[in-house]
Amino acid sequence: MQHVVPAVGIRVEDEESLGKLPNRLSRFETSHVWVQLISSYKFFSDMGVSDITDVFIDHDVNIASLKFESVGEIDQEVFEKIITIADETKGRTIIISKPLSLSSTTLERIYELAAMYKVKILLEPEKPENLKQISSIIGSFMGGILGLSLVQEKYSSTETFISSIRGYLQVARNIEISNYDGTEPAPILIPSQYNNPMLLRFLMRNQFEGFLTICYSKKMTDDTWLLRELFSLKEQLATLSEKKD
1 MQHVVPAVGI RVEDEESLGK LPNRLSRFET SHVWVQLISS YKFFSDMGVS DITDVFIDHD
61 VNIASLKFES VGEIDQEVFE KIITIADETK GRTIIISKPL SLSSTTLERI YELAAMYKVK
121 ILLEPEKPEN LKQISSIIGS FMGGILGLSL VQEKYSSTET FISSIRGYLQ VARNIEISNY
181 DGTEPAPILI PSQYNNPMLL RFLMRNQFEG FLTICYSKKM TDDTWLLREL FSLKEQLATL
241 SEKKD
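Just so we're aligned: 45 in our numbering is position 45 of the sequence shown, and the numbers increase by one with no gaps anywhere.
Simulated from the structure, these hints should not be mistaken for laboratory data. Treat the numbers as computed from the prediction; the structure is a model and nothing was measured. Positions of the beta carbon are idealized from the N, C-alpha and C atoms, including for glycine.
Straight-line alpha carbon distances no greater than 30 Å define the calculated DSS-like cross-link-like pairs of lysine-lysine that follow:
hint, residue 1, residue 2
1, K90, K20
2, K20, K120
3, K120, K218
4, K118, K81
5, K90, K127
6, K98, K42
7, K98, K127
8, K234, K120
9, K244, K90
10, K118, K90
11, K90, K154
12, K219, K42
13, K127, K154
Label pairs and their calculated CB-CB ranges:
hint, residue 1, residue 2, range
14, E88, Y180, 30 to 38 Å
15, D181, G19, 31 to 39 Å
16, P191, G48, 38 to 46 Å
17, E108, E235, 36 to 44 Å
18, V78, K244, 41 to 49 Å
19, S31, S136, 33 to 41 Å
20, E15, T160, 35 to 43 Å
21, G19, N206, 40 to 48 Å
22, T239, K90, 20 to 28 Å
All chains should be built: construct the whole structure from the sequences, respecting the hints.
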């Protein structure tokens, strides 16, 4: 896998939206797309492993990661099922947002299961001020099993985002980016609220390794938009890589 892997975030809320996935993923076929599958803890616990993985395999789309929000305590049996789903994906990564609600005992169980299956667990701070504490938690576990997922939308600008994450990039394995013009989604590479060309140069210069995921959380975008922005991102990364070489 290359050092920086572009991906797109797709939200699937329930069985009904899961049923619409084949049509959505058909747009991504032959495009070598990586997808971050975003849903709830309940969704991943309710669905069967093949219910989730088969549709991606059928359309030759790679799952980069599974992402859900922590709901407090996580049942060990349910989490092992979620890890089993991740084990069947190419990305082998689970992202848990708002992880500070997890007890130390739960984190230890999660770590042990992830180590057993060789699946990576990324903790995603809810707020910028949580970053230091979560990074400290990650540092207390051995073996690189735990890492960081960082979301630019939680910051007011790219400059403040870069300033905040500079010291934590070594343990970050997923970075989510988007862009807005006021309240409307804006093209990923045209500086508006966020200056993503600046961020890409920073990431390449500092040898970031992981997924770079386009995810517009504040306002929905359609899959055609996401695919277009993904292609733009891929081209920009290729250009920066050539200049670096």
